[in-house]
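**Student:** One letter stands for each residue in the lines below.
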Amino acid sequence: MIRIQARTEPSSLMKLASPLIAILCTLIFGCILFSALDKNPFQALHVLLIAPLSDIYNVGEMLVKMGPLLLCAVGLSLCYRANMWNIGAEGQLLAGALGGSVVALTFIDSESVLVLPCTLVAGIVSGMLWSAVPTYLKLRFNSNLILTTIMFNYIGLYLLIWAVNGPLRDPDGYGFPESALFSDATILPTLVEGSRIHLGILLAIIAAFIGWFILAKTHLGFQIRVFGADEPAAKYAGFNSKKLSWFVMLFSGALAGLAGVSEVTGPIGQLVPNISPGYGYSAIIVAYLGRLHPLGAIVAAVFLAVLYMGGDLAQIEMGIPIAVVGMFQGVLLFFLLACDFFIRNRLIFNKPITH
Amino acid sequence: MDADLIVQILFAAIKTGTPLLLIALGEVICEKSGILNLGQEGMMLMGAVVGFIAAFSTGNAGFGVLAAMLMGSFMSLIFAVLVLQLGANQVATGLALTIFGTGLSAFIGSEFVGNTVQGFQPIAIPLLATIPYLGDILFKHDILVYLSFGLPITIAFVANRTRIGLILKAVGENPHAANAIGIKVLKVRYLAILFGGAMTGLAGSYMSLVYTPMWAENMTAGRGWIALALVVFASWRVGRIMLGAYLFGFASIMHLVLQGLGVDISSNLLAMMPYVATVIVMVVISADQFKEKLLAPRSLGKPFDPRDMA
Amino acid sequence: MAETLKKRHSIPRIELANITKQYPGCLANDNVSLTLMPGEIHALLGENGAGKSTLVKTIYGVVSPDSGDIIWDGKAVSIKSPSKARELGIGMVFQHFSLFETLTVSQNIELCLTPLQLTKIGNLASSITALSEKYGLNVDPDSYVHSLSIGERQRVEIMRCLVQSVKLLILDEPTSVLTPQEVSGLFQVLRTLAQEGCSILFISHKLHEVTEVCQQATILRAGKVIDTCEPAKETPASIAKMMVGELAEQDAGYSKKEGLHTVFSMTSLNLATKHPFGTSLKDISFELKAGEILGIAGVAGNGQDELMAIISGEDERNTGAALALEKQSIGQLSAAQRRKLGMAYVPEERLGRGAVPDMSLTENTLLTHSQGFIKSGIVQWKPLTDYAKKLIAQYKVKCHGEFSEAKSLSGGNLQKFIMGREIGQNPKVLVCAHPTWGVDVGAALAIHQALLRLRDQGAAILLVSEDIDELFLLADRMAAVCDGHLSPVVKTLDTSIDEIGQWMAGTFIHSPSHHSEETTA
Chain A
1 MIRIQARTEP SSLMKLASPL IAILCTLIFG CILFSALDKN PFQALHVLLI APLSDIYNVG
61 EMLVKMGPLL LCAVGLSLCY RANMWNIGAE GQLLAGALGG SVVALTFIDS ESVLVLPCTL
121 VAGIVSGMLW SAVPTYLKLR FNSNLILTTI MFNYIGLYLL IWAVNGPLRD PDGYGFPESA
181 LFSDATILPT LVEGSRIHLG ILLAIIAAFI GWFILAKTHL GFQIRVFGAD EPAAKYAGFN
241 SKKLSWFVML FSGALAGLAG VSEVTGPIGQ LVPNISPGYG YSAIIVAYLG RLHPLGAIVA
301 AVFLAVLYMG GDLAQIEMGI PIAVVGMFQG VLLFFLLACD FFIRNRLIFN KPITH
Chain B
1 MDADLIVQIL FAAIKTGTPL LLIALGEVIC EKSGILNLGQ EGMMLMGAVV GFIAAFSTGN
61 AGFGVLAAML MGSFMSLIFA VLVLQLGANQ VATGLALTIF GTGLSAFIGS EFVGNTVQGF
121 QPIAIPLLAT IPYLGDILFK HDILVYLSFG LPITIAFVAN RTRIGLILKA VGENPHAANA
181 IGIKVLKVRY LAILFGGAMT GLAGSYMSLV YTPMWAENMT AGRGWIALAL VVFASWRVGR
241 IMLGAYLFGF ASIMHLVLQG LGVDISSNLL AMMPYVATVI VMVVISADQF KEKLLAPRSL
301 GKPFDPRDMA
Chain C
1 MAETLKKRHS IPRIELANIT KQYPGCLAND NVSLTLMPGE IHALLGENGA GKSTLVKTIY
61 GVVSPDSGDI IWDGKAVSIK SPSKARELGI GMVFQHFSLF ETLTVSQNIE LCLTPLQLTK
121 IGNLASSITA LSEKYGLNVD PDSYVHSLSI GERQRVEIMR CLVQSVKLLI LDEPTSVLTP
181 QEVSGLFQVL RTLAQEGCSI LFISHKLHEV TEVCQQATIL RAGKVIDTCE PAKETPASIA
241 KMMVGELAEQ DAGYSKKEGL HTVFSMTSLN LATKHPFGTS LKDISFELKA GEILGIAGVA
301 GNGQDELMAI ISGEDERNTG AALALEKQSI GQLSAAQRRK LGMAYVPEER LGRGAVPDMS
361 LTENTLLTHS QGFIKSGIVQ WKPLTDYAKK LIAQYKVKCH GEFSEAKSLS GGNLQKFIMG
421 REIGQNPKVL VCAHPTWGVD VGAALAIHQA LLRLRDQGAA ILLVSEDIDE LFLLADRMAA
481 VCDGHLSPVV KTLDTSIDEI GQWMAGTFIH SPSHHSEETT A
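Protein chains in written order, with the UniProt record's numbering: chain A, 1 to 355; chain B, 1 to 310; chain C, 1 to 521.
Hints listed in this document are in silico derivations from the structure and should not be mistaken for laboratory results.
C-beta atoms are modelled at their ideal positions from N, C-alpha and C, and glycine is treated no differently.
Don't take every hint at face value.
Claimed, not checked - Some chain B residues flagged as far from chain A (calculated, every beta-carbon gap over 10 Å): (1) P132; (2) E173; (3) Y246.
Claimed, not checked - Reference excerpt, derived from the structure (chain B facing chain A, CB under 10 Å, subset only): (4) E217; (5) S266; (6) L270.
Whenever a hint applies, use it, and build me the whole structure from the sequences.
**Tutor:** Written out as structure tokens, the structure is:
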């Protein structure tokens, strides 16, 4: 007979194993699904997970997708640690892209070395602004952060669409909804010759280390953790909850904004309506899969980036709709949440109790 | 503005508000039991796509509605198992449900994009429809809208006047006390969640069978989220949900109104209106913390494990 | 008819035989047996954690035992749920009431009844009123529970059992939330019920109450039945010995001290409640002196939480000069700033407020004690860990080590840790709420002695407690709160349990002599 019993102490092994088990379960689910669709499951999994890492070019492309995922996820990790349910990374990313593009297009004829830093700063500030409004509304008016950040994602999306169809549209672009190509001075330098691996990816990894340092080593990070784990204790200890809320939200907004501006000044090179295939939403899963640990997010971001790449390849090579990526992400999060049950509980295999 | 235009706008506001009303009615029951299900958007998309496929394959819109409701319940069942049985965080699980539903609906619906179905046709109610103005606004809708007129009254009656409502309120206020006096807390919550899922599935099928009788990826455009805001707006009261749904519906078609009035604003900016309106509403209603604490179900979003009682 | 009555009296109302319940890491009940006759008032005695609550929850069907039998009116039964228990005629009044504040009294009672019972009763409201008159419970069926006092709520719980013609009534620590006067009222009701043949199982750890009302007592220790006795034939000391085991060191009388200069004062504080079901504070003034313990008595929910929050600054509203520390106004300062000035707090809720459950004791040390452990924003984990070890050793906190999570500690050990952490910051003022609530005798003694040591070092201590005996033991001066009002402050030696009890019930509120006794004292 199998029984479930609560553990007296949470299992630290399961804390680490849970994401791996969840990934495994998701893959099994994938096999079953592809078999049901009459696709060879092993070929499908190969295309989804192995092919994206098979050559230098593909690895480079994978890293290009990892950058924005990681930047957003690091910020979200801090937010969720502080129990601030920021679902708005997508909108903050779009705002960053839009704000950066305004600066980049204003100085499109400039050759100055200052243009790129200005563009990046503009993107970061725009992202912060986009997270500042819901934060202010929550702290001042007690409005629900989840719902306002979601709404700001939609508002940001329509603002971007409006901009590329209106004021930022390339006058020589035959009416296509996209901006002019940015000048070389506003393009992020690539790190590896012949690939699209750009500075933004390095910045993302640095951001992850900064996030880890804040959480693990600083008093601020300690306060964030207390605030998220046990708000009454934080109040009792006299921590300034508003300051902490502002910090995590602006930090997260800044990183998401950086992710956005790095996309337009990096791999894309202009402002287009579909900058993000939902990086801001996928980052939620990255953050969870990385156990809300900024360094864990690096590994998780690589996994999701592989999945994104694999989705592209699977569509081209096997005619599997790209939407399969989104579905896998949802399934993965389900399995992760389910596996986390065993951090605090365990299965016991024993004979029925005799009375 | 002439009278005809006003009638048309109000007619459209009701039509647009109906899916919000349906979701919010389900979610309010769920929240009264203490469970916050943020997966509305995902369940709604699944309802929409499954409803569409069923109606498209059978040629019967009724089957579509039924299939959508079943699908909505099934989706909410996943949520219920994770949250109630495995003690998963309600917010995270709701988000997972939305991400999953968005992806899965796009996946299974990809072959059906561009098709249309014969959805429900408007039925003018004899006599009532001939009332000047009012008849045109209220009594020339399809069967699902009429259903949505009746549901709030039924649900309000059950929630406020019956023992079921009393049990629901007790579970939502204090699940530990409810468990101690022998109410099956998990059972009540399971049923509440499943009911919410069925209603959201129904709302999804309304989108793909009536509102725009076709399937498109992400066609619900955040309505699931707006409905969640609507529940807060209504302070968990069924009567106010009905009012709020039509107000939100009105906000959603504001761009049509403005265009009708000849205001020259980009349609992309006008498309933001429902979301901006939602934010404004969230700010106005939540500013009074005292009132919200008084009215919100007290255990909302908090985990409950009957084993903790020991 | 008479014959059946006689027969009923010869068989026990309930018999528990060898009840065993195992929780992970804890044997809550170990072969517990107990017999209750009709009309008997039986005390279940034991320390916190002795297994009393588990046992009564087993009888009430909330907990299912691993093994053992329950025999009800001579028949073996299995009580799978509270509804089954109620069907048999078992009613229970919980320590933390199982009432719904947003519902009315009669709705609360209705929820406990089956539809069949409801139809049998007919008009519920009138039946409540009738019972209320019969037993002097004074319960209005239409009032909302949140508007009722704690004592009234308890009567609603009892009423809930009475409507279903209860044969066995279980009360879990019913007196801990009542004023002394309310306690005698409750005992009157219990005696009436017992005379009508209802059996009563009464959980308590207050010995004098048990001797007053109970005919039989069963004593539990570490899940086992240690002894049974007739309370009337025992002394508090002999029962305490049975409860605790080896002759534990007892709180002896402690000497009272005269305070020195005023360290902290509150002047005419009026404050509306932030929470719909909270209590507003009304014109509260008192002074707290160096080297004294000022005790505040009162039934829970009379403004203690609000008072604590506004003193600590957790309630962020600016109260300006209404609060003063060493003659400096501090009402405008944040909680953190007040801590820096030398204020420290031991909150009522240990786990979840006083300590973060999922964090280690080292991290929980840093929670309030950051001075000296932060250099330019970076936490100095090494010295912090050493300090946490020192605290654990000094206060004899039983745990695996400084890395143990707070929630793995027992209530008493966690309380010793929190107490040590706050005292370790050499506070000028320590505000301390219910320091020994739910704590075993040994830990309570250690906590009492730590408080007295701190007082003797010259700190000013505000002690809020529901335990009137503890206040008389420790406090140098005392007052009571009722409905957000504070009574006059008097020297402990000049007052009596009866007077403080009257004040807890609010008799001082309209008395013109407010504030005058302070000067005469």
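**Student:** Looking back at the hints listed earlier, which ones does the structure fail to meet?
**Tutor:** none
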